[in-house]
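Trainee: Using the sequences and the hints given, assemble the complete structure.
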Amino acid sequence: MKYTSETTIFLPQQGLKKILDISSGEFYGKTINLYSLQGRGGNLTRISTQALIKLRARPVCTETEITAVIDSLSNPIALPKKLWTKRDQGIIEQLKRGRVTDHGNIVQRLYQIDATLSAYSRFRHYDTALGFLAEEFAYLNKCSYEQAVDYIRNCAKAAHCIPA
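Counting from 1, one number per residue, gives the positions in the sequence shown under the working numbering.
If you're looking for bench data, these hints aren't it; they were derived computationally from the structure.
Computed from a prediction, not measured in an experiment: that's the story for all the values here.
Please note that a few of the clues may not be correct.
The calculated label-pair distances, taken between Cβ atoms and stated as ranges, are [as the list claims (entries may be wrong)]:
| id | residue 1 | residue 2 | range |
| --- | --- | --- | --- |
| 1 | 158 | 123 | 26 to 34 angstroms |
| 2 | 71 | 93 | 21 to 29 angstroms |
| 3 | 150 | 63 | 17 to 25 angstroms |
| 4 | 146 | 67 | 15 to 23 angstroms |
| 5 | 72 | 131 | 25 to 33 angstroms |
| 6 | 158 | 131 | 18 to 26 angstroms |
| 7 | 144 | 92 | 26 to 34 angstroms |
| 8 | 144 | 72 | 33 to 41 angstroms |
| 9 | 128 | 64 | 30 to 38 angstroms |
| 10 | 146 | 124 | 27 to 35 angstroms |
| 11 | 127 | 72 | 15 to 23 angstroms |
| 12 | 144 | 90 | 17 to 25 angstroms |
Simulated pairs of lysine-lysine, DSBU-like, Cα-Cα distance not exceeding 35 angstroms [to be verified]:
| id | residue 1 | residue 2 |
| --- | --- | --- |
| 13 | 96 | 157 |
| 14 | 142 | 96 |
| 15 | 157 | 142 |
Don't be surprised by glycine CBs; every beta carbon is placed ideally from N, CA and C.
Mentor: Structural data, given as structure tokens:
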């Protein structure tokens with residue numbers, strides 16, 4: 001079975017996802033087909049879900065947009081003087097919007113607030129936004145996820161180290 005362009009399917013851990021083009025094939029030595037995605041449980045379903053996430057859906061931005069956002073991370077910004085709870089609510093709203101610029105803003109602000117990211121909620125938000133940006137950057141620039149994460153962290157670190 002081959003999924004056609006932009007088929008929406010349900011993945012157990014991820015919810016509804018738009019998938020560009022997936023066909024039966026091998027992943028970690030296991031054959032992936034529609035039967036293994038029908039909720040039969042077990043290891044094959046989990047492996048199939050991982051395979052679909054690796055093959056991933058259409059990117060949400062263009063290469064120039066993601067490059068502009070990541071390059072802007074190296075510019076220091078003035079942080080709003082609010083209580084953390086209010087900032088936390090704003091960050092959650094930005095994460096829900098799912099725009100690349102919002103995720104870039106979150107990575108930049110959280111890195112400057114606390115470079116060690118000692119608070120769990122800050123680390124969780126930072127990790128979510130960083131993961132989103134890294135996926136987009138890696139997909140559009142055809143590099144590995146780890147390389148994308150390192151590049152984005154270096155950009156954020158440059159802004160943190162340079163006095164405003």
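Trainee: Compare the structure with each hint and give your call.
Mentor: Hint by hint, here is what the structure shows:
Judged by the Cβ atoms, the range 26 to 34 angstroms given for residue 158 and residue 123 is violated: they are separated by roughly 20 angstroms. For residue 71 paired with residue 93, a C-beta distance near 25 angstroms keeps the hint of 21 to 29 angstroms intact. For the pair residue 150 and residue 63, the supplied restraint of 17 to 25 angstroms holds, since their beta-carbon distance comes to about 19 angstroms. Between residue 146 and residue 67 the beta carbons are some 19 angstroms apart, a value that agrees with the proposed interval 15 to 23 angstroms.
About 19 angstroms separates the C-beta atoms of residue 72 and residue 131, a value inconsistent with the hinted range of 25 to 33 angstroms. Here the CB-CB span from residue 158 to residue 131 is close to 20 angstroms, well matched to the stated 18 to 26 angstroms. In this structure, residue 144 and residue 92 meet the distance hint of 26 to 34 angstroms, their C-beta atoms being roughly 29 angstroms apart. Hint check: residue 144 to residue 72, Cβ distance near 23 angstroms, so the stated range 33 to 41 angstroms is violated.
At about 24 angstroms, the CB distance of residue 128 to residue 64 disagrees with the hint of 30 to 38 angstroms. Under the hint 27 to 35 angstroms, the C-beta atoms of residue 146 and residue 124, about 20 angstroms apart, miss the expected range. The hinted range of 15 to 23 angstroms is satisfied by residue 127 and residue 72, whose Cβ atoms lie roughly 20 angstroms apart. Restraint check, residue 144 to residue 90: a C-beta distance of roughly 32 angstroms breaks the suggested window 17 to 25 angstroms.
This hinted pair checks out: residue 96 and residue 157 have alpha carbons roughly 25 angstroms apart, not beyond 35 angstroms. The straight-line distance between the Cα atoms of residue 142 and residue 96 is roughly 26 angstroms, inside the 35 angstroms bound, and the hint therefore holds. A distance of roughly 23 angstroms separates the Cα atoms of residue 157 and residue 142; the hinted pair therefore holds under the 35 angstroms criterion.
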